[in-house]
Amino acid sequence: MGKEIFYFLIFPGLLFSGIVGGFLSWFDRKITARVQFRQGPPLLQPLYDFIKLLTKETLIPKRGSQLTFLIAPILALFGAVISSVFVLLPLFGIKTGFLGDLIVIIYLLNIPSLSYMIGALASGNPLAAVGASREMKLILSYEVPFLLVLISIIIKSEMSIKLSEIIAFQTANGAFIGSISGVIGFIVVLMCIQAKLGLVPFDMAEGEGEICDGITIEFSGTTYALVTLAKYIMLFVLPALVVALFFAGMNFEGINILWSILKVVLVVLLVTLVRNTNPRVRIDQAMRFFWIWMNLLAVVSIILAILGL
Amino acid sequence: MGFKEKCFKKSLWVFHMSAGSCNNCDIEILDCLTPKFDIERFGMKLVGSIRHADVLLVTGIVTRKLLPRIKEVYDQAPKPIVVIAIGACACTGGMFKDSYTFKGPLDTVIPVDAYVPGCPPKPEAMLAGVVKFLNKK
Amino acid sequence: MINLQYLIFLPIGIGIVLFLIPEFLKQVKGVVNLLISIFTLYTSILVFKMSSGIINIECFKFPSISKYLIFNVDSLSKLIVLFIGIFGFLFALYSLSYITKEKAITGYYSYYLITLGSAFGAVFSDNLILFIIFWGILGLTLYMLIKGFDEESSSAAKKTFILIGASDSILILGIGILWKITGSMNMSEVHIATTGTLGIIAFLSLLVGSFTKAGAMPFHSWVPDYVKKAPASSSAYLPASLDKLLGIYFLIRICRDIFQLTDWATLMLLIIGSVTIIGAVMMALVQHNYKKLLGYHAVSQVGYMITGIALGSPLGIAAGMFHMINNALYKGGLFLTAGSVEKQTGKENLDELGGLSKMMPLTFFAALIFALSISGIPPFNGFFSKWMIYQGIIDFGNGTGLANKLWIVWLTLAVLGSALTLASFIKLITGIYLGRRNEKLEKVKEVSFLMWLPQIVIAIVCIGFGIFAAKFVIPYLIEPVTGKLNYVGIWQSQSVSILILVSVVVGFLIYLYGNMKNHRVSESFIGGEKLQEETNFSSLDFYQTIKNFKFLSFCYKKAEKKWFDIYEIFKKIILWLNHVFSDAHNGFLPRYVFWYIAGLLILLIILIF
Amino acid sequence: MDIEQYIKDIKIKFPKIIDAEVVNTKRLMIYIPKSSLLQIAEYLFKYLAYRYIIVTAMDSKEGYEIIYHFSDDSSGWIVNLNVMLDRDKPEIESLTPVVYGVEWIEREIMDLLGITFLNHPKPERFLFAEDWPEGKYPLRRDYVEEE
Amino acid sequence: MGKKTLVPLGPYHPLLEEPEFFKLYCDGEIVKEVIWETGYNHRGIEKLCQSKTFEQVFYVVERICGICSTSHPFAYANAVESIPGVEIPERAKYIRSIVGELERVHSHLLWVGLAGHFLGYNTVFMWAWKYREPVLDMFEIITGNRNSYAMFTIGGVRRDISPEQAAQLLKVLDEVERKTTLLVGAVMDDPVIHARLKGVGILTAEDIHDFGAVGPTARASGVDIDVRRDDPYAAYDMIDWKVITANDGDVFAKAEVRLLEMYESISIIKQCLEALKKTEAGDIKVKVKEIPPGIGIGHAEAPRGEVFHFVKSDGGNSPVRHKIRAPSFTCIPTFRRSCVGGTISDAAIATAAVDPCYCCTERMSHVYDYTTGKHIMSAAELIKLSQEKTKNLKAKLKV
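Chains as they are written, first to last, in this note's numbering: chain F, 1 to 309; chain H, 1 to 137; chain Z, 1 to 609; chain C, 1 to 147; chain X, 1 to 399.
Hints were generated in silico from the structure; no laboratory data involved. Keep in mind that a hint or two might mislead.
Only pairs whose alpha carbons sit at most 25 Å apart, straight line, appear in this in silico PhoX-like list of lysine-lysine [what the hints assert, rightly or not]: (1) Z:K547 <-> Z:K558; (2) H:K36 <-> X:K171; (3) H:K79 <-> Z:K547; (4) C:K34 <-> C:K13; (5) X:K287 <-> C:K26; (6) X:K198 <-> X:K32; (7) F:K162 <-> Z:K484; (8) Z:K517 <-> F:K62; (9) F:K62 <-> Z:K445; (10) Z:K471 <-> F:K95; (11) F:K30 <-> X:K32.
With these hints in hand, go ahead and build the complete structure from the sequences.
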C-alpha cells in the first residue's frame, strides 16, 4: 500500500504533476501573452497564485450545503491526481501492478468536472448553477467523440485497453499519429481536451463575460486554491494522455528525453493556440459541434482504423 | 517579509467596481491589461467574481442607489482585500460632490487603502499607485 | 427441505391471516411483517448455504399436486433468493414508519408478505405451471400495492395490471408452445435453440414476460406511472428491486438455460438493451416529478442488464447479474430516499424543493451515494458492474457475428447512457438536496431512525460492493453461477478507495494549513444586488437546451403524446377496433345470428385444417 | 422643406394647435394643448415617420413644460411639440401607446419632476434608489436638499 | 411548469463596466423576458451645476461619458452657438471634426475589443486595444489628455493643431488604417465569429423606429440616418464621405458597420488635415460675449449615435434648462426585442452590441439656473484637491 501512496502523493501524483502542471499553466499564459503582444507573467506565477489563494480568507456560501461545498474541491483534486497516476505510470514506463485501463481513465477524468459541478451546485448561487448545467451538457457532448476515438485506438492496438500495452504496441509498430485515422482522431481528441480543460472556445461553464466565472464563482481562498491545483494537474494529464495515445508515449534514454518533453509541450501549445484564436461558442453550438461534426470525424477515424489506415 | 506576503504581492487579482463613474477610469483600468501596460507582468489579472479578488479598484462617486450594493460586495470579498480608489470622483467626489445622489466619497463607505487621483488617472498612474502602496505595506 | 416450504408458504399464509386483523392495528401488522421478513432473511441465508439440486416436495394427500411441486435450487436461484430476503427485510423495516395513516393501503402488509412468498416461489419453481402461478400472484399484488384513491392513480394501477396481465397471458402461450415442442414442463429439462417458427414464438413470448416484469422497452410504460403514484416503499419493493430481480432472473433462465441464443436473438436483445438505456434515460432527463424520474431510471438500468446478459459470455452474464443486484440496491435505496423526502415535505416536484441537504443530512448522504453509484462513478458498485459490461462488450467485439461487429455501437450507447444518467442525477440531487434552500422548507426534519437505517445500510452496502467487488463480492456471489471470470482491463477499487481517504485527509490538511480557520459565511455573489430570495436557477431548466434540438424536440413531443407507450398504442387500436365493430351491432337478432354462424364456420374450418 | 407651407398645413390639419414658430435654424416649435398631444404625435411619428428623439420636461415660470422632440431625418428639421401643464395638477396622457420608446423617459420625468403620466404601462420608480423619499422631486424649483 | 427562473446580470458583472442590472427571466438558457433596473449611475448633475456658466458646462458634459467625451461638448456647442447664431471660424470647424472623428476611431476600436472580450476572444481584445493606443497618444499630443480633452469652447476650439502635429497624426492614421485592415480581416472572416454573431440580436427597421434608436445600431438595420449628413455641422458638409449601412440588423452587421466606419473616419480626418493647410493658423475662436434668451437645440453624431442637447437660456450666465439625450438612452431599450428568444450567451453580446454607455444613459444632466454663479473648480483644481486630500489622509493613516 505504501507504494501506491507514494505514487499518489509524490511521483507521479500530487507533487510531481502539480509542479509540472503549474509550469505548463505558466507556459500557457506566457504563450497567450506572446500571441497578444504582451510579456506575460513570471515563471513562478502559478506558485504565487496557489500560495496566495491558500492564505486568503475562505468564504462559505450561506444558502447552500456547506460540507459538500468544502469536500467538492478535494474530490476534484483526487480525480485529477488519480488520473494523473494512471496515465503517467504507463507513460513513464514504470512497471507496477497499480494500473487502470482506458475505461477507468475515462471515468476518472470526469471526476474533477463532476466535483466542480457538485461544489458549484452546493453553493446555491444561480450563476454557478447555470455554469454547472453547462458543464454537464458539455460532458454529454464530448463524452461520445472522446470514447469513439479511444475505440479507434483500441482497434488499432488490436483490442488492448491497457495504456501500457497501447504504448508498447506503438513503440513496436510506430506512433498512431502517423496514420490517417490517427491524425483525425488526434484532431477530435484535441477538441475534447479543450472542452475538458474548459478553455476557449468551450469555456462556457466559466464564461467570464456572461456568468462571472460561472462554475467557480463561489470558490474562494483555500477552496479555490485546490480547484486551481486540480486545473493545473488536468492541464498536464490530458496532454500526457494524448501523448500516450498518439505519440507512442515517452522514452527516457539519452536525447529522447528532450523529444518526450517536447511532445507534451507541443500538445499544450496547440491547445493554447486554439484557445487564443477563437471566441467562446454558445453551449448549443458546442453541443452541435461535438454531436455532429466531431462524432462524424471520430466515426471516420474508426472506419479508417478498421480498414487499417 | 515572509514568503506568504511575497506571494500575495506577486499575485494580485483585481476586481473592478464602478460606483457611479463616467467610464473613463473604467476604460483606463481595462487599458492596464492591454499590451502597452500589461499588468499580467506583475501577476495581476482581472477576475470576474469578487470571491477571487485581492484588490478592489473602485471608480466613481458613490451614488445613493449604489451605496448598499458597494457595502454588500465589499462584505462578500475575501479578506485581506486592498481597496484602491481610482480617480478624482472616488477620492473626493470631484465635480459631482454637490449632487443630490452623492453619498461618498468612497472612504466614508468602505475602508480605502490607497488613492489614485486624476480625471482620469493614466494607466501608468494606476500602476504606480498600486506598486507604491505595496512597497509601503 | 423444510426451508423452502417456510420460505414460500409461511409468508403467504401469514399474509392471508393478516387480512383478518383489523386495519387500525396497523402497527401490529407491521411488526408481524417485520418478524416474518427477519425469519425469511435468516432462512434465505440458510438456503444460500444449501447444496444445489432439484427438489420435489411431497404433498402427502395429493400426489397429483406433488408432481407439480418441483423446485430447482441452483446457484442462480439461491443468489436471487438471498437478495429477495435482504430487500424484504429492509423494506419491511422502512414500511414500519413510512406506511402511516394517510399512506394506508388496505391490506398493505398482507400483500407485502404474499409478494415475498410468491417471489421466493417464482424463483425456486422449476415447473413452469407452478412458476406461472407465482408469477401471476406477483402481478396481482403489484396492482394491489398501489393506492387507488384518485383517477390518476387508478388509471396507473389499471395500466400496470393490464400490461402485466397481458404479458402473463403471452407468457402462458409461450409456455404452452414450449410444452408442445419439448413435452416437458420443467425448466431444468428444457434446452432448445431459437430456431423454427414455434421456437421463435416461444422465445419471444417468454421474453415479453420477463421484459414486462423487469420493465424493459417497449413494455416499460407501466413503471414510471406506477412509481409516480404508488407509495415509495411499494415502488422500492416491487418495480425497483423484486421485479428487477425476478425479471432478470427469468431472462437469464431463458437466455442461458431454456434457450440457446442464436445470432439474431443476441442482436435483438442488444438492440432492445441499448434502446432501453438511451430512450428511458432521455425521458428521465426532462422529468419534473422526482419519482417519475427515478421510474424512468428503473427502466433505463434494465437496458444494461439485458445488454450484459445478451453478450452470452460468462463475463457478460456476470456483469448483468451484478448490475441487477447493484441496481436493486441503489434503485431501491433511491426510492426510499424519495419516499423520505416526500413524507417530510409533501412535495412531489423538483422545483418545489431545494437545499434539503442541511435538514436531512443522512438522507442526502444516502441519496448522493446512490446517485453516484447509479451514474457509475468510481469506486461505487454501479461503476464496477458497468465496467464489467463494457469489458464484456469489448471482449464480445472479438467475435464474428453481426452483433459482435457492432460492438462499438453497444459500447458507445452504454457509455452515453451512463453520462446521461449522471446528468439526470445531477438534476435530481440539485433539485432536492443542493441548490438554493427554499425558505418554506426550513422546518423540515430528518426522518426517523427506522426510515434512515435501511437507507444508510443500503448505501454502505453500495460502497462495500463497489470497493470489494473483485475481492469478495464477485467470487462469493457471482462466480458460483457463472464460473471463473477473466477481466480484460484492470480496476483496483480497494487501492483507489484507500487513496480517496488519503486525499480527503490531505485535503483537510491543506485546509488546515491554509486559512480555513478564518472562514466566514456569506451570501452568494450575484453581482451585489440584494435579490437573494428571487434568484434561483431551477434544476428543471438544466437540460432545456437539449430539449430544444430539432430532432430531440420532435421525439420529446411524440413521447409526450405517448407514441412510444405500448399500452396507449394498444388502447388506441382497441378503441379503433371497437369503433369498427360497433358497426356490426345494430340490435337486430338476425344480424347476431349471422355473426354467430359465421364464427362457428370459421372455427370449424380452422379445426379441420 | 418649405416651412411656411408646413406650418400652414399642420395648422389646418390640427386646428387645436395654439401656435407654431421657428425658434432657431431648422428648429420648429409647435405649441399644443395637452388634449391633442396623442393625435399630433401619432401623425408625426406614424404618418410622417419622424424619428422620436426625447422628451424634455422643465419647471418653467408658467408651469410644467413638456417638449416632445421629433426629428425629420430627410431634411434635418427638428419638430418639437410643446405642452404646458398646470402646476397644481401635473398630469398628462402617456405617449407610450403611440411611441414605444417613450416609456423610460416618462418614468424618468415622473421621478425627477413628479408629473403623472396617465395610462403608463409601468409607472414605477426608474432612477432613484429604494430609500429615496416620496414626493421629493429634484428638478422642481421648490426642491430643497434634505438634511 | 411555466415558472421562469431569474438569472441576474449585474450590477457588478464583468460584462458591464458600469453598474447596471439586467434581470434575465430564463427558461433554461433561453431568455424569455428582460427587465432592466437602472439608476445606479444616476448622478443628477443639475443641483451640482446650478451655478455653472455656459463655458463651464463644457467640462461637465465632457464627463457625462468618458468614451464620448467629445460628442457631448460637440452637441452642446452646436446647441449653445445656435442661440446667438455664431459662425465659428473654418479652421475651428476642421479641428472639431478631426477631434470628433479621432474619437470615433478610438471608440469603435474600443468596442471591437470589448466585444471580443465578452466573447472570450481575448486576442481580439488585446489587439484592438493595442492599435487604439496610438490614437490615444495622438489625443494626448493634440489636446493634452488621453480621454477628457477639454478641447471645445463656445465659438471655437481651445487649441490649434500645428503642422508638425498634423504630420504626426497622418503617420499614426496610416498605421491605424493598416492595423485595422488586419483586424477586420481577422474578425470578419472567422467562421466561429460568424457562428456566434450572425443572426443574433436581430433588430428590424421597425424596432429601430419604435425605440428611436440611432447610430450604428440603426444603420446596421438598414436605417440610413446620420446627423453628420442630415443636419450638417462643423466641417462635415465641406468634405467628401459616405454613410455606412448594413441590412441584417444582427450583431455581426453592427460590428461590420463600426469597422467600416473607421475607414470613413480616417478618410475624413485626412481630408480635414489637408484642408487645415489652406486656413490661417491660430484663427480658431470667435469671441461670444453673451448668450441671449432663447432655445438652442443641437445634436451631433457620437460614435454610438446621435447626441441631443436642448439648452434654454434666459440671457443670464447659465442655462435655464439643459436636457441631454445620449444615444444609449434609446439604443439600450432595444434589448427588449433583441435579447428575448436568444440564449443567455446571446443576451450578453446583444446588449453589448449597441455599445451601451450606461453613464450616458443615466447622466441626464439637467442644468438650469436663475441665479448666477459662484466659483466652480476646474478639473485641474479638482485633481489638485484630491491629491491634497490623499496626502492628508495618508498622513492621518500614517502610511
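Verification of the supplied hints:
1. Z:K547 <-> Z:K558: OK: K547 (chain Z) and K558 (chain Z) at ~12 Å, within 25 Å.
2. H:K36 <-> X:K171: holds, 19 Å
3. H:K79 <-> Z:K547: The given pair, whose Cα atoms are some 43 Å apart, is violated under the 25 Å limit.
4. C:K34 <-> C:K13: holds, 17 Å
5. X:K287 <-> C:K26: holds, 24 Å
6. X:K198 <-> X:K32: holds, 20 Å
7. F:K162 <-> Z:K484: holds, 21 Å
8. Z:K517 <-> F:K62: Holds, at roughly 17 Å.
9. F:K62 <-> Z:K445: holds, 19 Å
10. Z:K471 <-> F:K95: With a Cα-Cα distance of about 23 Å, the restraint between K471 (chain Z) and K95 (chain F) holds, given a limit of 25 Å.
11. F:K30 <-> X:K32: violated, 41 Å
The structure shown violates the earlier hints numbered 3, 11.
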